[in-house]
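Student: Take the sequences, apply the hints, and build the full model.
Listed in order, the protein sequences are those of chains A and W. Its first residue numbered 29, the first sequence is counted upward by one per residue in my numbering. Its first residue numbered -3, the second sequence is counted upward by one per residue in my numbering.
Don't take each hint at face value.
Claimed, not checked - Here are the simulated DSSO-like cross-link-like pairs (lysine-lysine), alpha carbons at most 30 Å apart as the crow flies:
| hint | chain 1 | residue 1 | chain 2 | residue 2 |
| --- | --- | --- | --- | --- |
| 1 | W | K178 | W | K159 |
| 2 | A | K101 | A | K123 |
| 3 | W | K178 | A | K101 |
| 4 | W | K159 | A | K123 |
| 5 | A | K71 | W | K178 |
| 6 | A | K71 | W | K177 |
| 7 | A | K71 | A | K123 |
| 8 | A | K123 | W | K177 |
| 9 | W | K177 | W | K159 |
What the hints assert, rightly or not - The following residues of chain W were derived to be distant from chain A, with all beta-carbon distances above 12 Å:
| hint | residue |
| --- | --- |
| 10 | Y186 |
| 11 | A192 |
| 12 | D279 |
| 13 | S344 |
Claimed, not checked - One-sided excerpt, in silico: chain W residues whose CB lies under 7 Å from chain A:
| hint | residue |
| --- | --- |
| 14 | A135 |
| 15 | A182 |
| 16 | R183 |
| 17 | I184 |
| 18 | A185 |
| 19 | L194 |
| 20 | P243 |
Think of the hints as simulated: they come from the structure by calculation, not from any bench. Think of the CB as a built atom: it goes at the ideal place given N, C-alpha and C, for glycine as much as any other residue.
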Amino acid sequence: MAQYAILIYEAEGGYAGGGQEAWQQAMEAHTRFAGQVGERGGKILGGDALEPTATATSIRGDIVTDGPFAETKEALGGFYLIEARDLDHAIEIAKLCPAPYGGVEVRPIMDTSGG
Amino acid sequence: MRTVASASDMPGARRDTGRNAIAAAVAEAHRREWAFVLAATARVTRDLDAAEECVQDAYVAALDAWARQGVPRNPGAWLTTAARHRALDTLRRDRTLRAKLPLLIVGEQSSGDRDERAEGSEVIADDRLRLIFTCCHPALAREAQVALTLRLVCGLTTAEIAKAFVVSEPTMAARVTRAKKKISAARIAYRVPEAAELPDRLDAVLTVIHLLYTTGHTDPLGSVGLVRPDLVERAIALARLLRELMPDEPEVGGLLGLILITDARRATRTDPNGGLQLLEDQDRSLWDAAAIAEGCALVTNALRRGRPGRFALQAAIAALHAEAPGYDATDWPQLLVLYDRLLRAWPSPVVALNRAVVVAMVRGPDAGLDEIARLEQDGRLAGYRYLPAAKADLLRRLNRRDEARQSYQAAFDLSENAAERAFLAGRIAEMARVGR
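Tutor: Next up, the structure:
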């Protein structure tokens, strides 16, 4: 099994505009997703939702700046760390990952153990 | 075609074959067997670069060995055994180094690739489908899919691929390296997709082969000729290989049929001076009748299976053209039926443009121009040279010469192919001539 990150990129305005109801629906969708991953033979190793980019602080060298590195329409809003057999399996799982206001990106975790 | 096999079947002919004949046999084996040998070796090395090296070495070794022992009855099996031995040697030597490399994920044997060849008691499963599907994986960019397919399945060098796509060799090398790196780092599995994924994944493979063919059919940057025979031949060989490996997939038969029938007209698409010849002006007696017959049989077969896909439908359209005794005697109403179905199966503006030309043949140029006007508004074909070219032709038929000239000019400005530009320049001059 290999490890992948599923990075959730969404327009932040989506949840703000949808209010409590949109948030509630998203939470339920993510709970369902967690169940589906196991059914498909994958495993969630970790993951979290992130506070919006308005709360981000960027640091480059010694310079501390308010805001994210890049202002984009869709921002990183959360992530999962999963285990899957191969890329096809990871994609199959990632397709189930809720992202109503955007999409997800799959990235293999680099194996740094070999040195 | 099987020159190697037939030469080695003749007793006595083997040992005294000259150096040139051996080199020719190895070259032939390179063309015919590269994919087979590499695909089988990659499953042992579980690393595409290492597999390529081992296979290269095997071909070099063949030059000597075949000169001494004669050309083997089954060159593909001989080369595979040689390459695999080399791979196992390297594996033993570099075990510690390789422990740190991400290896190809070799999935279980799927029902799709059960073509097996026997040499003595040794049975080698055919891994070519794995190789093809890996090269055309949707997680790779289309241009990377094309480059990898030419490199790994056809055995072309990076320099040859760079030349074919008019990019510098370092650019192409970087493209190939990056794609290979993604295959191993992202763990793109070396396997044939399962039934559920197969339609989408197969479509990607067919698209790559078709793209290769269309690039060769009308060289986008052609400064000399219209056609790039090398790319056309590769596309035909790939389509034949896929057909051999997946005989039951109607779209595979459809693609091969489409390419064969279209290519059957190659000789008549230009005049002796390299000038463009339109379908209506081509001498149909010079079309390759054997290729058309083979293509039409494939079309019939693909259509018989019901719910034809976009390649089978395009092939059916090509077949209808190929079987018509002349341009005016073409069954245009039937073509329109096929185009309507194709547009439903594949809602592409390019299909809609071709359909507009058929509409003009059935209902008159004005009806065709209406369709083209809709496509102009749609905007997706902005910059597509065949839109103003088709429009110009309909305007010419209506004797609206000024407008026709403007549209020919627009097509001329968009085309970079010398043969096409010469043709369009001629039409522009014709439309500008006084005495309308």
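Student: Decide if the proposed pair is consistent with the structure: K177 (chain W) and K159 (chain W), CA atoms, cutoff 30 Å inclusive.
Tutor: 23 Å, holds
Student: Please work out if K101 (chain A) and K123 (chain A) have their alpha carbons no farther apart than 30 Å.
Tutor: 21 Å, holds
Student: Quick one, are K71 (chain A) and K177 (chain W) close enough, alpha carbons at most 30 Å?
Tutor: 25 Å, holds
Student: Hint check: K71 (chain A) vs K178 (chain W), CA-CA at most 30 Å. Holds or violated?
Tutor: 22 Å, holds
Student: Hinted pair, alpha-carbon criterion (30 Å max): K178 (chain W), K159 (chain W). Please report holds or violated.
Tutor: 24 Å, holds
Student: Over 12 Å to the closest beta carbon of chain A is the bar; see if S344 (chain W) clears it.
Tutor: 24 Å, holds
Student: Min Cβ distance, L194 (chain W) to chain A: is it shorter than 7 Å?
Tutor: It is violated, given that the least Cβ distance between L194 (chain W) and chain A is near 12 Å, above 7 Å.
Student: Measure nothing beyond the straight line between the CA atoms of K71 (chain A) and K123 (chain A); if it is 30 Å or shorter, mark the hint as holding.
Tutor: Roughly 15 Å separates the two Cα atoms, so the pair holds.
Student: Closer than 7 Å between Cβ atoms is the bar; does A135 (chain W) clear it against chain A? Give me holds or violated.
Tutor: Since chain A brings a Cβ to about 6 Å from A135 (chain W), closer than 7 Å, the hint holds.
Student: At 12 Å, judged by beta carbons, does D279 (chain W) keep clear of chain A as stated?
Tutor: Per Cβ check, D279 (chain W) is outside 12 Å of chain A; nearest 50 Å; holds.
Student: So, as I understand it, the hint says I184 (chain W) touches chain A; can you test that by seeing if any CB pair is closer than 7 Å?
Tutor: 5 Å, holds
Student: Over 12 Å from every CB of chain A: does Y186 (chain W) meet that, or does the non-interface label fail?
Tutor: The claim is violated: Y186 (chain W) sits with its nearest Cβ about 9 Å from chain A, within 12 Å.
Against the hints set out earlier in the document, violations occur for numbers 4, 10, 11, 19 and 20.
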